[in-house]
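Participant: Residue strings, one per chain:
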Amino acid sequence: MASELRVNTLKDAAGNNSVGMSYVANGSAKAWVAKLDSGASAAASFNFSSFTDNGSNNTATFTNSMTSGYAVVCSADEPQPSPVARFVTVFARGASSFGMHTYTDTGGTSSVPQHAIIQGDLA
Amino acid sequence: MSEILVNKLTGKTTAGNITVTSEGGAATQSLQQGLAKAWVSFNATPSVGDSLNITSLTDSASGRPGANYISAMANDDYASAGMCGQGQTTNPSAVNFDGSYGMQSTASIAVVTSEGSDSKRDYALTTILVHGDLA
Chain A
1 MASELRVNTL KDAAGNNSVG MSYVANGSAK AWVAKLDSGA SAAASFNFSS
51 FTDNGSNNTA TFTNSMTSGY AVVCSADEPQ PSPVARFVTV FARGASSFGM
101 HTYTDTGGTS SVPQHAIIQG DLA
Chain B
124 MSEILVNKLT GKTTAGNITV TSEGGAATQS LQQGLAKAWV SFNATPSVGD
174 SLNITSLTDS ASGRPGANYI SAMANDDYAS AGMCGQGQTT NPSAVNFDGS
224 YGMQSTASIA VVTSEGSDSK RDYALTTILV HGDLA
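Here the protein sequences line up with chains A and B, keeping their order.
All residue numbers for the first sequence refer to the working numbering, where the first residue is 1 and numbers rise by one.
All residue numbers for the second sequence refer to the working numbering, where the first residue is 124 and numbers rise by one.
Bound-form chain B, shown alone (with noise of 0.2 angstroms):
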């Protein structure tokens, strides 16, 4: 079995681009542009359950979450993804961003978790992914 045993992986011809084989051979991708670069998963609190590239929280309003990045992203054109839920109730729920007025940025990201009534709310557990080119 190979093994290589390493801290850093550069590209040799660009160091930010390492490409990787695709599952089924007929293609290549790169390895850093399918990283996730941030996730975390909290509470109502907002408590980090667990996360990557998350400093910290925050917490501006009742359904307003937010997260601050460790590494910073490089922009804030990047995706963001992400789940909410209250265990069982009748009321579907979402996770809606403010990415196209300003409170996406490559230093943090806002989340909105609402009910769907339209009603804030902070719930038991909320999930965020975000892919994106990091600085």
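In isolation and in its complexed conformation, chain A is listed as follows (with noise of 0.2 angstroms):
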């Protein structure tokens, strides 16, 4: 049987850097994901069960699912040989997937890797 603390908060030996369970997990990433390519391939991820490549941008699925409101925090890599701005914007956001779009300063689609986290509630 797995051991199981119930505490509302954690504190170092010394009675100092108090952070109470509710920070714990409320501050927690839910998800993250890590260099999803073109092919909605990851280098590395968190609670997503898939990827999914529409075409121009890429769906990803969460293992747990989270509550509505979340927030997503994404960035893209930058496009060699030749580095130019990309912006990477999120839609569809649905307790069990959001989608991920990649746009050139211009707004035409880019496939260069998209990294995202997640904060939020998990379901």
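These aren't lab readings, by the way, just hints derived from the structure by calculation.
Only true hints are included.
Which chain B residues stay away from chain A? Per the calculated CB distances, all over 12 angstroms, these:
no., residue
1, Val171
2, Gly172
3, Asp173
4, Ser174
5, Thr181
6, Ala195
7, Gln209
8, Gly210
Examples of chain B residues toward chain A, derived with CB under 10 angstroms:
no., residue
9, Leu128
10, Gly205
11, Glu238
Each residue gets a CB set at the ideal place from its N, CA and C atoms; glycine is no exception.
Put the two chains together into one complex, using the hints given.
Facilitator: Given below as structure tokens:
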């Protein structure tokens, strides 16, 4: 049987650096994905069951669903050998999945790898 | 009110895996996987405003700052996201990474801060967040 600890507050041994369990739970990222490429292949991820290549964008599907209103922070890799700015937008944000689309500065679609970090509440 | 005074938490079955229950109570997840492994905010100098697990910043060129980790990452396959800004400007700004081209390593991360016109520049505020596995 797994051991379980029920506690409201964690502190260091000196009684400093106090953090409530609500901050531990609410402050932890609920999912992240690294280097999600245009073929919907990720280098590493946490709490994602699959990624789907939609042609011009990707859909990321959670293993454990989120509640509504979660935050997605995302960025894209710099394209090489011509390094220019890339902008990632999030769309179709739902409890079980969301989409990411990367654009060039002129509105064209870019296929550079994407990164995303998700904060919010698990269902 | 329950309270634990402790300096180190270690998983019982697996040292690097402590499970926490979700806010909704329907799921559990790894505490370690959810924790940010590094974050930093810095200005155009670049000079650190505040940080976690960052020992120093680098400045290889205009719009190309970087950060060195105190504790190394396990590999270079980690998620990094960031934002940059310069007050109220008319041009969109973007933080991009060199994650797929060898510039995101276990020891450091390279950043590119750009305006929408693709010109590289240093911003008054740049923030970076890193999630993944520590070594």
